[in-house]
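Sequential numbering from 80 applies to the sequence shown in this note's numbering.
Misleading hints may appear alongside valid ones.
As the list claims (entries may be wrong) - Derived CB-CB ranges, DEER-like:
{"hint": "1", "residue 1": "Gly-118", "residue 2": "Thr-282", "range": "48 to 56 Å"}
{"hint": "2", "residue 1": "Thr-282", "residue 2": "Asn-241", "range": "25 to 33 Å"}
{"hint": "3", "residue 1": "Val-186", "residue 2": "Lys-120", "range": "47 to 55 Å"}
{"hint": "4", "residue 1": "Ser-131", "residue 2": "Lys-187", "range": "45 to 53 Å"}
{"hint": "5", "residue 1": "Glu-261", "residue 2": "Asp-232", "range": "16 to 24 Å"}
{"hint": "6", "residue 1": "Asn-124", "residue 2": "Lys-91", "range": "28 to 36 Å"}
{"hint": "7", "residue 1": "Ser-131", "residue 2": "Gln-278", "range": "32 to 40 Å"}
{"hint": "8", "residue 1": "Asp-284", "residue 2": "Ala-128", "range": "54 to 62 Å"}
These are calculated hints, taken from the structure and not from any lab test.
Built from N, CA and C at the ideal position, the CB exists for glycine as well.
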Amino acid sequence: MTNSKEHLYPAKWLSKASAGERIACELRISIVSGKIESGTKLSENKLAADFSVSRSPVREALKILASENMIQAERMGAVVTGLTDKHIEEIYDVRLMIESFVFERIVKTDTEGLVKELNKIFEMMKIAIKYGDADEFSFQDVLFHETIIRAIDHSYMLMIWNNLKPVMESLILLSMRVRFREKYEDFQRILDNHELYIQAISTKDRTLMIQSLHQNFDDVQGKVEDLWMSQQLLAKGAEQSNP
Numbered sequence: 080m081t082n083s084k085e086h087l088y089p090a091k092w093l094s095k096a097s098a099g100e101r102i103a104c105e106l107r108i109s110i111v112s113g114k115i116e117s118g119t120k121l122s123e124n125k126l127a128a129d130f131s132v133s134r135s136p137v138r139e140a141l142k143i144l145a146s147e148n149m150i151q152a153e154r155m156g157a158v159v160t161g162l163t164d165k166h167i168e169e170i171y172d173v174r175l176m177i178e179s180f181v182f183e184r185i186v187k188t189d190t191e192g193l194v195k196e197l198n199k200i201f202e203m204m205k206i207a208i209k210y211g212d213a214d215e216f217s218f219q220d221v222l223f224h225e226t227i228i229r230a231i232d233h234s235y236m237l238m239i240w241n242n243l244k245p246v247m248e249s250l251i252l253l254s255m256r257v258r259f260r261e262k263y264e265d266f267q268r269i270l271d272n273h274e275l276y277i278q279a280i281s282t283k284d285r286t287l288m289i290q291s292l293h294q295n296f297d298d299v300q301g302k303v304e305d306l307w308m309s310q311q312l313l314a315k316g317a318e319q320s321n322p
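Using the sequences and the hints, build the whole thing.
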């Protein structure tokens, strides 16, 4: 794992991360993709050798992953519990809950600044599509939704989001890598959904807000998006390493 070409997680996202966080990010995305399978035993000594670090950052990484229920800690290592399709569906249930709550709060605020910020991110998403950059698109996609959540200044809702974000980030990244290779035309639908988000926030139109939420999240409950969030397809996302 010391060769950067073998890494699944984008190095450019790790500029401010500690050694332990870097290891956690790489292990997490490997687990989410199925590259590291459920039931696999992780040895502190082996991981330290793989990542060319001492055991201290490895312990930090395992502690992070244990807090996310990705692994079960054991003496001198851990066992991978993995991520099932049911877990993925539950993650998106929580996202729907968060963003539904946020939309209800947003209608009571001045959204002019938020709309400007979202439009900037939206343009970056379009540029990423133009240049075929799945990693950058994924980064901007997560940032888009996080910007909406931060806009209501709700510390506990943000805490829930931050707890959810690491695994969700890996899900989105792997999914987008597959889409860029196999269903590039699907990005127009994704852009349309995000544009509807902006329109709903700009007009504070509850009907549009509900529509934009359901266009994004109803699909997850067994329609379009679920096809791109299954374990089988996430594994295909691991086939494309970072440039």
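Now for the hints, and whether the structure bears them out:
Taking 48 to 56 Å as the suggested C-beta distance range, the pair Gly-118 and Thr-282 conforms, at roughly 50 Å. For Thr-282 and Asn-241, the Cβ-Cβ distance of about 29 Å falls inside the hinted range of 25 to 33 Å, so the restraint holds. Distance hint check for Val-186 and Lys-120: the Cβ-Cβ separation is about 50 Å, which falls inside the suggested range of 47 to 55 Å. For the pair Ser-131 and Lys-187, the beta carbons lie near 51 Å from each other, so the given range of 45 to 53 Å is met.
Against the hinted window of 16 to 24 Å, the Cβ-Cβ separation of Glu-261 and Asp-232 comes to about 39 Å, which falls outside the hint. A hinted range of 28 to 36 Å for the beta carbons of Asn-124 and Lys-91 is consistent with their spacing of about 29 Å. Against the hinted window of 32 to 40 Å, the Cβ-Cβ separation of Ser-131 and Gln-278 comes to about 49 Å, which falls outside the hint. In this structure the supplied range 54 to 62 Å holds for Asp-284 paired with Ala-128, their Cβ-Cβ distance being about 56 Å.
Of the numbered hints stated above, those contradicted by the structure are hints 5 and 7, listed in ascending order.
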